[in-house]
Amino acid sequence: MQDSTKAPIGNRQAHAWRTFNAGRWETAIDVRDFIVRNATSYEGDESFLVGPSVRTRAVWDKLQPYFQQERKKGVLDVDAATPSTMLAHAAGWIDRDNEVIVGLQTDKPFRRAIFPNGGLRMVESGLKAAGFAADPAVHQAFTHYRKTHNDGVFDAYTPEIMKCRRSGIITGLPDAYGRGRIIGDYRRVALYGVDKLLSAKREERAQVDGMWPTDEVIRVREELAEQIRALGDFVKMGERYSCDLARPAESAREAVQWTYLAYLGAIKEANGAAMSIGRISTFLDIFIERDLREGALQEEGAQELIDQLVQKLRIVRFLRTPEYDALFSGDPYWATECIGGMDLDGRPLVTRTSYRMLHTLTNLGPAPEPNITVLWSRHLPEPFKRYCIKTSRETSSLQYENDDLMRPHWGDDYGIACCVSAMRLGKQMQFFGARVNLAKALLYAINGGRDEMSGDQIAPPTAPVTADVLDYDEVFAKFDATMEWLARTYVHAMNCIHYMHDKYFYERLEMALHDRDILRTMAFGIAGLSVATDSLSAIRHAKVHVIRDDTGLAVDYRIEGTFPTYGNADPDVDDIAADLVSRFMAKLRKHQTYRNATHTQSVLTITSNVVYGAHTGNTPDGRRKGEPFAPGANPMHGRDNHGWLASCLSVARLPYADAQDGISYTVTISPNLAQRDGEGGIGNAVKAFDTYFGQGGFHMNLNVLSPETLKDAMEHPEKYPQLTIRVSGYAVNFVRLTREQQLDVIRRTFHRNY
Numbered sequence: 001m002q003d004s005t006k007a008p009i010g011n012r013q014a015h016a017w018r019t020f021n022a023g024r025w026e027t028a029i030d031v032r033d034f035i036v037r038n039a040t041s042y043e044g045d046e047s048f049l050v051g052p053s054v055r056t057r058a059v060w061d062k063l064q065p066y067f068q069q070e071r072k073k074g075v076l077d078v079d080a081a082t083p084s085t086m087l088a089h090a091a092g093w094i095d096r097d098n099e100v101i102v103g104l105q106t107d108k109p110f111r112r113a114i115f116p117n118g119g120l121r122m123v124e125s126g127l128k129a130a131g132f133a134a135d136p137a138v139h140q141a142f143t144h145y146r147k148t149h150n151d152g153v154f155d156a157y158t159p160e161i162m163k164c165r166r167s168g169i170i171t172g173l174p175d176a177y178g179r180g181r182i183i184g185d186y187r188r189v190a191l192y193g194v195d196k197l198l199s200a201k202r203e204e205r206a207q208v209d210g211m212w213p214t215d216e217v218i219r220v221r222e223e224l225a226e227q228i229r230a231l232g233d234f235v236k237m238g239e240r241y242s243c244d245l246a247r248p249a250e251s252a253r254e255a256v257q258w259t260y261l262a263y264l265g266a267i268k269e270a271n272g273a274a275m276s277i278g279r280i281s282t283f284l285d286i287f288i289e290r291d292l293r294e295g296a297l298q299e300e301g302a303q304e305l306i307d308q309l310v311q312k313l314r315i316v317r318f319l320r321t322p323e324y325d326a327l328f329s330g331d332p333y334w335a336t337e338c339i340g341g342m343d344l345d346g347r348p349l350v351t352r353t354s355y356r357m358l359h360t361l362t363n364l365g366p367a368p369e370p371n372i373t374v375l376w377s378r379h380l381p382e383p384f385k386r387y388c389i390k391t392s393r394e395t396s397s398l399q400y401e402n403d404d405l406m407r408p409h410w411g412d413d414y415g416i417a418c419c420v421s422a423m424r425l426g427k428q429m430q431f432f433g434a435r436v437n438l439a440k441a442l443l444y445a446i447n448g449g450r451d452e453m454s455g456d457q458i459a460p461p462t463a464p465v466t467a468d469v470l471d472y473d474e475v476f477a478k479f480d481a482t483m484e485w486l487a488r489t490y491v492h493a494m495n496c497i498h499y500m501h502d503k504y505f506y507e508r509l510e511m512a513l514h515d516r517d518i519l520r521t522m523a524f525g526i527a528g529l530s531v532a533t534d535s536l537s538a539i540r541h542a543k544v545h546v547i548r549d550d551t552g553l554a555v556d557y558r559i560e561g562t563f564p565t566y567g568n569a570d571p572d573v574d575d576i577a578a579d580l581v582s583r584f585m586a587k588l589r590k591h592q593t594y595r596n597a598t599h600t601q602s603v604l605t606i607t608s609n610v611v612y613g614a615h616t617g618n619t620p621d622g623r624r625k626g627e628p629f630a631p632g633a634n635p636m637h638g639r640d641n642h643g644w645l646a647s648c649l650s651v652a653r654l655p656y657a658d659a660q661d662g663i664s665y666t667v668t669i670s671p672n673l674a675q676r677d678g679e680g681g682i683g684n685a686v687k688a689f690d691t692y693f694g695q696g697g698f699h700m701n702l703n704v705l706s707p708e709t710l711k712d713a714m715e716h717p718e719k720y721p722q723l724t725i726r727v728s729g730y731a732v733n734f735v736r737l738t739r740e741q742q743l744d745v746i747r748r749t750f751h752r753n754y
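Numbering (the numbering used here), first residue to last: 1 to 754.
If you are wondering where the hints come from, they were derived from the structure by calculation, not from laboratory data.
Some hints here could point you the wrong way.
Keeping only pairs whose Cα atoms sit at most 27 Å apart, straight-line, the calculated DSS-like set for lysine-lysine is [as the list claims (entries may be wrong)]:
#, residue 1, residue 2
1, Lys163, Lys196
2, Lys163, Lys711
3, Lys72, Lys587
So the derived label-pair ranges between C-beta atoms look like this [stated by the list, open to error]:
#, residue 1, residue 2, range
4, Arg624, Gln457, 21 to 31 Å
5, Glu226, Asp33, 24 to 34 Å
6, Asp549, Gln69, 48 to 58 Å
7, Arg12, Ser47, 50 to 60 Å
We put the beta carbon where it would ideally sit given N, CA and C, even for glycine.
All chains, full assembly: derive it from the sequences and hints.
Here it is as structure tokens:
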């Protein structure tokens, strides 16, 4: 795999690329080739790790008062007068004498910026909720002189889409906030420097300058022009921190710094719901290993670089609206970092820096961000698997995703956007689209398109079910037709959103760190899968009596008999869930997407399972009006009662081929189970993971918690400032959830046996 010959390189790059193995990466923008030729796999254990440096502790101590004030007050500060760009704010510092990795979103820690290009109403709503006044000049500019993404979307929406949005059958669309889910290949800046990236972009532009000016060609020309300007502004941003980003990084510190500044530039220009950092640990390890070999760095210094990088990632802040916070609670931003996985030749991509990244959860304490994601393979080194499980047991801060499942689709240099969305770094982006409510769609089918909460006609009128007992074949036929309408309406809305986002809120720096010709996916999603599945199972296996109000609207159900529930490794019901995933995906694929994006789908809710439940009436499975759904692809709370593995195997039946935007599964096991047999308990958990992922399971959020601890945290939040839990696809400080969301977590299944 390694080629010891050294190809000639330019004088500016010679020192930066010293000792690196030659390859295609030298003549083309190809970070993946650089990694596979230069990464050093590590198959040992964690014994080499060290604690935080004096400088790291000093910076962390300076941040603690901010964290404490934020827990009490919420949003601490906002610059309401300055729309955010890379150059909008002066350089900011935490502790200039001790910061090894520098750079803040604005000029002060915890000062949030505004992004009115996305939507003025969003900015002003967020300011009002946080207790800050809107700036008159900003209001004037974005009312009279500059149209926003939000304005454009609502100009293009149809009355039907607006009704769906209001009723809650389609919720969380990025029409009032930044879409996110785009990962710039931030590593390119460290490896190549901006001068080389600019040269490549100018060559891409020269190629399209020779093409006939169709709509698409003109759009690409304009986008490339914006990308080139963004790279120029990015170099100026670096100069404010005395960083020469025009050239490649020459040391490990510069590699970390350059990579972080690239990410920082992105979050200064875009406030997407998910702003992942990608897959940087193995890349950075190459520079760290070189400095260690050369004697320029010791282990304490290596850990210091990663600790201080993570400190910066933990203090990213965006101004959000109350409606946004209800859907994505706890102030997440999904600075997702992927570690582990295998390369295509079967070599582990685990490095010492994979361990260092995990070790930040010890040195700095548990935290939701960065959203550390372990790419699990049965071929990973056993010591690394065990250390991951040990870290989960102690922090409940990690998520795991199936590298053996994703690698054949996406190669060995993909990252995870947000929670579960795989994409090839620098070669692929996503049009994010939240999710639809399948449980509510089932109720619409029963009620002829009327909303069960308001009675309003939302879907096109059809004949409602009139029988007193629901017939499976009749209900399913109507449900299938309702899904056809819902899929069409959903794609329609998504096309409007992303046309306008590209037009008015284009992510120019993130896209400058992509190839010109990329794969675009359009990421749809479903919520309420387990509710719809169990409802159909009840209709098929028991007698479900309909209770109607005086207008004939079905508002409640009485179940006579028993029925199998999703989550117990029972094909009779698990196959219903799998069919719904494939069926809805097939309906989405019938409709043309904006920019011919490839349709994908997720089974993911974030914390919107609570919001969806609040918008949904009584369902035929016995769930009561307003009760939260299960998160993501999870079985409903308490219904997966045959143990952890049975629950896992039900989720593993969901077809990744029809849910390539990801399938989120969150499991909570009791501390007694996790600690049973000491080190043997870790080994048992490793075997359980290998079994689940070996059966095709996609994702695992692992919590090791007791309900007693969570209840105590509700009553005494001051005792648990860093209590971190995994919810659907991300981690959150438990004490930052609303009380309703905390109660939802406590009502979930706590597995006490395998």
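The hints, checked one at a time:
1. Lys163 <-> Lys196: violated, 49 Å
2. Lys163 <-> Lys711: violated, 39 Å
3. Lys72 <-> Lys587: Between Lys72 and Lys587 the Cα gap is close to 47 Å, so the pair fails against 27 Å, i.e. violated.
4. Arg624 <-> Gln457: 21 to 31 Å: holds, 24 Å
5. Glu226 <-> Asp33: 24 to 34 Å: Given about 28 Å between the Cβ atoms, the range holds.
6. Asp549 <-> Gln69: 48 to 58 Å: holds, 50 Å
7. Arg12 <-> Ser47: 50 to 60 Å: Given about 40 Å between the Cβ atoms, the range is violated.
This entry does not satisfy hints 1, 2, 3 and 7, going by the numbered hints stated previously.
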